[in-house]
Every structure is written in C-alpha cells, then in structure tokens.
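Enquirer: Model the full structure from these sequences, guided by the hints.
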Amino acid sequence: MLSSSRYACSRSGKGSHRIENLCALTGGMAGVADLGPHFLRACEAAAIAAADWRGRGERKLADGAAVEAMRAVFDSVPFDGRVAIGEGERDDAPMLWIGEPLGSLQGVEGALQVDIAVDPLECTNHVALDQPNAIAVLAAAPRGDLLHAPDCYMDKLAGPAEVVGEVSLEADVSYNVEAAAAALDKQVSDLHIVVMDRPRHEELIKTLRGLDVSVPLIGDGDVSAALDAANPACEIDMLMGIGAAPEGVITATALRGLDAHFEGRLVTTNEDHERRAREMLGDDVDRIWGRDDLCSSEDALFVASGVCSGYLPGVEKVGEQVAVHSEIIDVAARSRQHLTSYY
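FYI, the numbering for the sequence shown is 125 to 467, going by the numbering used here.
To be clear, the hints were calculated from the coordinates, so they are not data collected in a lab.
Keep in mind it's a predicted model, so treat the numbers as computed, not measured.
Possibly wrong hints are sitting among the right ones.
No farther apart than 20 Å at their CA atoms in a straight line, the calculated lysine to aspartate or glutamate pairs in the DMTMM-like style are these [to be verified]:
1. K441 to D254
2. K310 to D279
3. K184 to D158
4. K310 to E359
5. K184 to E286
6. K330 to D309
7. K330 to E302
8. K441 to D176
9. K330 to D279
10. K310 to E327
11. K330 to E286
Expert: Spelled out as structure tokens, the structure:
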C-alpha cells in the first residue's frame with residue numbers, strides 16, 4: 125500500500141492552521157474558492173463520522189456515516205449546489221446521488237451555482253480493515269465545469285508536470301513508459317508506476333514489469349496515488365489503470381491545480397451503465413478526457429480530509445478533542461494548504 129512508511133514523499137503546503145484561522149464567510153460569494161471553509165467542514169465531518177468505524181469490518185456502515193455527515197453540512201452551506209458525479213451507484217453503496225441538490229440557496233436568484241464531484245469515503249474497504257489512505261474527498265467548480273456523468277469506471281493516466289504533453293491514453297503502454305522516462309530523465313528501470321491490484325490489470329502489470337518497471341500495487345485509493353505521482357518529492361512517477369470515474373474527476377481537479385498530467389477515458393461494464401453514459405454524454409462516452417476537460421474552470425477546489433493515516437494523517441484524539449488533517453488545493457491560486465482542525 126502507498127503510505128508514508130513505504131515511500132518518502134514531502135507534502136508540505138502553504139500554511140498549517142486551525143480552522144479558526146480561515147476567513148469567516150458571509151453572503152455575496154464571489155466564487156467557488158470563497159466556499160472553501162464550508163467544503164472543508166463537510167469533508168472533516170465525513171472523516172470524523174467514518175473514523176468511528178475503523179477496523180470494525182463494516183464498510184457500508186462507515187460509508188453511510190460519512191455520507192450523512194457530509195450531507196448534513198451541505199444542507200447549511202450558502203450556495204445552489206448539485207452533485208455532478210459521485211460514488212456509490214456501481215456497488216449499491218450509500219451515496220450523495222448524481223444530480224442531488226445541495227446547499228441552502230436552492231433556486232435563489234443570484235446564488236452561486238456550483239457542481240460537486242464527491243466521494244464522502246474513498247477507500248471504504250480500508251476503513252473496515254483500518255488500513256492506510258482512506259479520505260473524505262470532493263472537488264468543486266462552477267455549474268457545468270465538472271464532468272456530469274454516471275458512476276462508471278475510467279481508464280486513467282496521471283503523472284507530474286514533466287510528462288504533460290509527453291504521454292497519452294492514445295499511446296500504448298510501452299510508448300508512455302519510454303516517454304515518461306525521457307521526460308523525467310530516468311532509466312525505465314528506475315520508474316515506479318502505481319496500478320490498482322485488480323484482475324482487470326493483469327496484462328497491464330505484466331507489460332510494465334516486462335519493461336523492467338517497478339509496479340507498486342494498491343488495493344484502493346487511486347486519488348492518493350495520483351497525487352503522489354504528481355509530487356516530484358515522491359518516488360511514484362505515474363498512475364495507470366482503471367478506477368472509478370468520480371475519483372477521476374476529483375483527481376483531475378487537484379492535478380489541474382498542480383499543473384500535473386491527467387487523462388481519463390470512461391469504461392462501462394454493463395448495458396445500464398452504457399445506456400446512462402450515452403444519455404448524458406452522447407458520443408463523448410468514447411473520447412479521451414483531458415485534465416482541463418474534466419475540470420474546465422480555474423475557479424475550482426480540491427478538498428480532502430484524512431480518515432486512516434497514509435496520504436493524510438487520520439482522525440486522531442488529542443486530549444478531549446479530535447484532530448482532523450486536511451488538504452485544500454485552490455486551482456486558480458495554484459496553492460496547496462495542509463490544515464489541522466480541532467473539534
């Protein structure tokens with residue numbers, strides 16, 4: 125599993141503050157970024173609720189707790205929000221459903237209209253087993269600027285800024301490996317490319333290892349893995365393979381704010397998903413979506429809070445309080461903050 129104990133990654137951002145140090149928000153929102161403290165609170169609430177289920181073997185109960193906690197916060201946020209894409213349909217899990225209205229200003233003239241891509245609990249299995257890298261995570265952008273699609277799968281390719289324009293899902297694995305090595309000034313044998321440990325990736329893993337690439341396998345959590353791949357201070361060079369589409373949109377938003385590489389192509393696995401995808405996207409179902417297609421606005425945010433320690437520290441008790449560790453990437457500002465809040 126990817127965790128701080130296995131790979132040396134520096135994740136220091138601009139600032140480490142308590143939630144009280146964030147600006148207090150009033151009416152007349154100028155943009156999505158102004159809602160950052162509210163979105164942070166939503167992720168923190170989901171993380172705290174899910175953390176109670178760590179190691180209890182009940183992934184759906186953990187997921188349900190995170191969903192309800194996040195929904196309760198969203199109910200009070202002063203915006204006209206909508207879930208553009210979310211996790212849960214594929215496996216009949218608790219979810220904020222696609223198209224669900226969010227916020228306290230539904231239908232109010234002049235209210236800020238925002239789309240949300242969300243997974244209230246990324247890595248539900250890891251929470252059930254108390255394993256690393258579980259997070260509560262979302263991306264936000266103006267209405268229409270995040271991919272609005274069903275909860276299907278997505279073939280993904282993520283990497284640092286150096287590989288932008290050098291690798292693509294249009295190319296085969298061998299080409300992308302050689303191109304990444306050249307862009308990063310590394311030998312192919314020095315590359316580390318993360319892949320999710322799934323039967324569907326058997327050929328991909330075989331091909332990569334046949335090229336003498338190191339292939340760390342992860343059980344879940346490709347959002348964290350992609351962010352590690354975008355981090356020059358981390359040993360991970362790229363992420364390849366098929367994961368959930370909502371996480372792809374969330375990841376694209378984060379990587380836009382880091383000027384890193386991300387591409388995705390939707391993958392449907394049954395007739396219902398294919399039908400729904402074509403109803404929503406038409407012929408675009410088959411296209412390759414670039415990072416800036418999946419998140420087409422600079423006025424966008426990525427917000428994540430740790431549940432189980434790994435990419436972010438997990439929820440922890442500090443005396444009589446609970447500490448929650450989070451990350452916010454402001455796309456327009458190209459800023460990355462790590463924050464600790466106490467409840």
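Enquirer: Evaluate each hint against the coordinates.
Expert: Each hint, compared with the structure:
1. With a C-alpha separation of about 16 Å, the suggested pairing of K441 with D254 holds against the 20 Å cut-off.
2. About 25 Å separates the Cα atoms of K310 and D279, which puts this hinted pair outside 20 Å; it is violated.
3. Straight-line distance between C-alpha atoms of K184 and D158 comes to about 32 Å, which puts the hinted pair past the 20 Å bound.
4. Taken as a hint, the K310 and E359 pair is honoured in the structure, with Cα atoms around 12 Å apart against an allowance of 20 Å.
5. Only pairs whose Cα atoms come within 20 Å are accepted, and K184 paired with E286 is rejected, the gap being roughly 39 Å.
6. Of the pairs offered as hints, the one joining K330 and D309 is violated, with about 24 Å between alpha carbons and a cut-off of 20 Å exceeded.
7. Restraint check for K330 and E302: satisfied, since their Cα atoms lie roughly 16 Å apart, inside the 20 Å limit.
8. A hinted pair counts as satisfied when its Cα atoms are at most 20 Å apart, and K441 with D176 qualifies at roughly 11 Å.
9. Restraint check for K330 and D279: satisfied, since their Cα atoms lie roughly 17 Å apart, inside the 20 Å limit.
10. At roughly 24 Å between alpha-carbon atoms, K310 and E327 are farther apart than 20 Å, so this suggested pair is violated.
11. The straight-line distance between the Cα atoms of K330 and E286 is roughly 25 Å, outside the 20 Å bound, and the hint therefore fails.
In this structure, the hints that do not hold are numbers 2, 3, 5, 6, 10, 11, in rising order.
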